[in-house]
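Chain residues, written in single-letter form:
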Amino acid sequence: MEQSSLLLFLRRMFRRKLVLVAFVVLCAIMLMALLAPWIAPHEPTTIRVVRRLKPPSELNWLGTDEFGRDILSRIVYGARASLGIGLAVVLVSMTVGTLFGLMAGYFRSLDGIIMRVVDALMALPDILLAIFLVAVLGASAFNVVLALSIVYTPRVIRVVRASTLVIRELPFVEAARALGVSTRRILSVHILLNVASPVLVQATFIFAYAVLAEAGLSFLGAGVPPELPTWGTMIASGQQYADQAFWVVLFPGLAIVLAALSLQVVGDGLRDMLDPKLRKAL
Amino acid sequence: MWLKLGRRLGSLVIVMFLVATMVFFLTRLAPGDPAALMLGDQATAEDIARLRQVYGLDKPILVQFILWLKEIATGNLGQSIFLQRPVIQAIAERAEPTFFLALFSVSVAALVGIPAGIASAVWRGRLVDQIVSGLAMLAANIPSFWLGLIFIQLFAVRLGWFPVAGYGEPGAPFMERVLHLALPATVLGIVNSALIVRFTRASMLDVLSEDYVRTARSKGLSEVRVVLRHAFGNALVPIITVVGLTAALLVGGAIVTETVFGLPGIGNLVVSAVLRRDYPVIQGALIVVAGIYVLINLLIDIIYTFVDPRVRY
Amino acid sequence: MNMDTPSLLSIQDLEVRFRTEDGEVTPVRGVTLSVSPGETVALVGESGSGKSVTSLATMGLLPRPAGRVSGGKILFRQRSGQTVDLATLPLPDLRRLRGAEIAMVFQEPMTSLNPVLTVGEQIAESVRLHMGLGHASALKRAAEMLDLVEIPNARRRVHEYPHQMSGGMRQRVMIALAMSCNPSLLIADEPTTALDVTIQAQILVLIQRLQREIGMGVLFITHNLGVVAEIADRVTVMYAGQVVETGSVGELFRTPRHPYTSALLNCLPARARRGEDGRRVVQSIPGSIGKVGNGCAFAPRCGQATDSCQAGSVLLETEMDRSVRCLRWREILA
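Protein chains in written order, with my numbering: chain A, 1 to 282; chain B, 283 to 595; chain C, 596 to 929.
For the record, the hints were derived by calculation from the structure and aren't laboratory data. Glycine is no exception: its CB is placed at the ideal position from the N, C-alpha and C atoms. Where hints are given, some of them may not hold.
Stated by the list, open to error - Heads up, incomplete: computed chain A residues facing chain B, CB under 8 Å, no partners named:
no. : residue
1   : Glu43
2   : Thr46
3   : Ile47
4   : Val50
5   : Asp119
6   : Ala120
7   : Leu133
8   : Ala141
9   : Pro171
10  : Ile186
11  : Phe219
12  : Ala222
13  : Tyr241
14  : Val257
Said to hold, decoys possible - Covered stretches of chain B, going by a simulated chain C footprint (3 or more residues, C-beta under 8 Å):
no. : stretch
15  : 396 to 405
16  : 579 to 592
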């Protein structure tokens, strides 16, 4: 039974070919990040001044940067930092956001305060808030994760709160309450299970936003230190050579687009499948 | 309606207060003594102490906070450490490029996004819909700074159609400004059109299945009239919301694009303030940007009453 | 049928198909009915019987691209005297008829009017299009129409929005809208179902009065036999996408021939009180309607069904001005 429902789930999700393609691309990028040392054709940090800013060739498939480092290898390694930061942001904002969202949705007394703070955080554009936070916290990979988590947690809170408000009024929660089930248990089991799917969908979107935002921060010089190859720092340090060597900027950017796009498409596929209303409309 | 607006105004004040609180206390988390920072490396302990007194930094933090709130409420955002002038003045000097960039960008986004969204809804599931939805998805996932760099290479460096960067000489004619803004506005317009396309499509799909659209068809109206007058007229509220919010978020959210194109706007001011740890400027810019955001939200609410007669009563 | 007065509307063997996620369904398969000028024909059936789909097909308003007319003819006699098939008429030509010669009133008065336009604008829009009037005179005509449907203060209310009116008022506006260009055929799809009983009666009287004054044909779709008795000249009963019986209202109520018609009539309060138990005939809930099976569609619920009923398709038998789709109607009646 379990297996067949999983199969049904997957078949529904991949009914649109695009979602399947995006999922495969996403897996490939993740695998690339995990297996970077085995996949990358060169060391990402080896400096070869004689081979600086060389166009794509058989030796360096995507060309070399201003220090003669292999761009393909740096993109492969860069996936680790870019996706790692994105994933960390997703985990933090999902955990914290779900917690506060449940509290806001379930306890009337906390709702006002939490949602006003959410409003205040959302009154600032993502990137502005992020750069401010990194500025006060100091530029490091850890602080970038912290800053972006603060930026995206309000979205999760909103989603979880909205679903909680709906679910808490449903008969089965009423019934659980009438049966004397404790508030904590109602929250943790009944409601949590039911808000899981919108949160999961939101998670894929936040993953995509975080990858884009991290690149933006690194580009502004307010992200991770430039020694660490991320896709954003590659573009940032390469931009002044764009006139002579467009590949320095082009390929890391394509990597960002590909990663964010496949995350978004998978997220869309998830949403279409999990949202019964939308499913009918499709 | 007035009651509703009053309530909105109330929550607006609360949100602004929270933004101010957040900005103030988070800034205090920053490593380093602001006074020491202001004076630079050669400062003596005495100098620092004197400056701390001048700025009230020796008072308890809550007292500082209340004093600061008072200043903000009267429109005084403090003094920039590096620019040697009031923050509000520094922001005002940078407002023009940011304002026009936001205006042009949101115009491009709306002019592209709304028709595309309508077409996508009307021909739902057909080729047009697939192409529009696919492009919107792509646009939403392109980093604006990267697209900016590519556009500069293509249209400014190689083809020479537009200036590479900057905002032109001071006092240059407006047309020159427009020429400088064309590329960044196009980039931001493309990236931000994605959300407008999605919203327009979704709300048009909702409205097109309404009974009154069927009534309009039963009157023998042309499909163009049915879609544009009867359906679009009702889909306007969510579309106005998303266009308005896009504009609001562009005021402080165009940081990266302003940096790429070297536009001397508010975003650029923030980036240089961050790199120089000029906290009064960062704080002031955040307050102003959040203020504009909540004001535009209020404006959207007011516009509703003109678009939807049901809100008016 | 009325051979001497050629019909205004004549639907012949109409078939409508819908594409759904679970494959194609046929909610209408073999509907034949006619409406003469000045006549009111009631199209009766339970929800899902295909009566609303029939009316939407006539207006060319089937939801696209899922629904389409896949067979049969919808002949309509235009004011010019020319007869056209609405099922195959090009869309621009159909649009010239919609609102002008064929008008429709829908079930839901609360949602059928555009909330962001005044009722006057909505009526005037149709008048300007079909009668070629200017803005001011179209609005004047709209006010006259509101007056005609007995809305008080018509001149003032023409500038009001739908949400400022009650459901009954809005349905009057819908009727005014439908009548604004003097159509020769009015299709009313359950126009009173969503309304209070007292308002229902008023709306029925209104439609009857206007029909007499304008002399149009009315196709009145309803599931309420009480309403049928009050308003109709003739009745067409539908079941599972097919016409099962047609006749004048008097004859059909007096001597129903199809078991389904009898069952419906037995559910009427007046008869039930007389001790005839309607539930005897209708034995189960209808199954998946729209899937074409063998035999009589009603057989599974029919108390009188025999094996022969399930054997093959049952044709609509026409005799004088009555028709019935039942193999055993003579036996049952006797």
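Review point. For the hint on tyrosine 241 of chain A, does the least C-beta distance to chain B fall short of 8 Å?
Key: Since chain B brings no Cβ nearer than about 11 Å to tyrosine 241 of chain A, farther than 8 Å, the hint is violated.
Check your understanding: Against chain B, with CB atoms and a cut of 8 Å, does the hint on threonine 46 of chain A hold up?
Key -> 25 Å, violated
**Study point:** Per-residue hint verdict: alanine 222 of chain A, partner chain B, C-beta under 8 Å
**Key:** 6 Å, holds
Practice item. Under 8 Å, Cβ to Cβ, is where aspartate 119 of chain A needs to be relative to chain B, so tell me if that hint holds or is violated. Key: 5 Å, holds
Review point. For the stretch 579 to 592 of chain B, do three or more residues have a beta carbon lying closer than 8 Å to a beta carbon of chain C?
Key: holds (count 4)
Review point. Given valine 50 of chain A was flagged as interface, is its beta-carbon under 8 Å from a beta-carbon of chain B?
Key: 26 Å, violated
Check your understanding: With 8 Å as the cut and Cβ atoms as the points, is leucine 133 of chain A at the interface with chain B?
Key -> Constraint on leucine 133 of chain A satisfied, holds at 7 Å.
Exercise for review: With chain B as the partner, please determine if proline 171 of chain A meets the hint condition of a C-beta pair closer than 8 Å.
Suggested key: Interface hint status for proline 171 of chain A: violated (28 Å vs cutoff 8 Å).
Review point. Going by Cβ atoms only, is isoleucine 186 of chain A closer than 8 Å to chain B?
Key: 30 Å, violated
**Study point:** Agreement of hint alanine 141 of chain A with chain B interface, Cβ distance less than 8 Å
**Key:** 17 Å, violated
Point to revise | Proposed interface contact between glutamate 43 of chain A and chain B, which counts if any beta carbon pair is under 8 Å | key: This hint is violated: glutamate 43 of chain A lies away from chain B, its Cβ roughly 25 Å from the closest one there, beyond 8 Å.
Point to revise | Restraint satisfaction for isoleucine 47 of chain A [CB to CB of chain B, less than 8 Å] | key: 24 Å, violated
Checked against the numbered hints given earlier, this structure breaks hints 1, 2, 3, 4, 8, 9, 10, 13 and 15; the rest are met.
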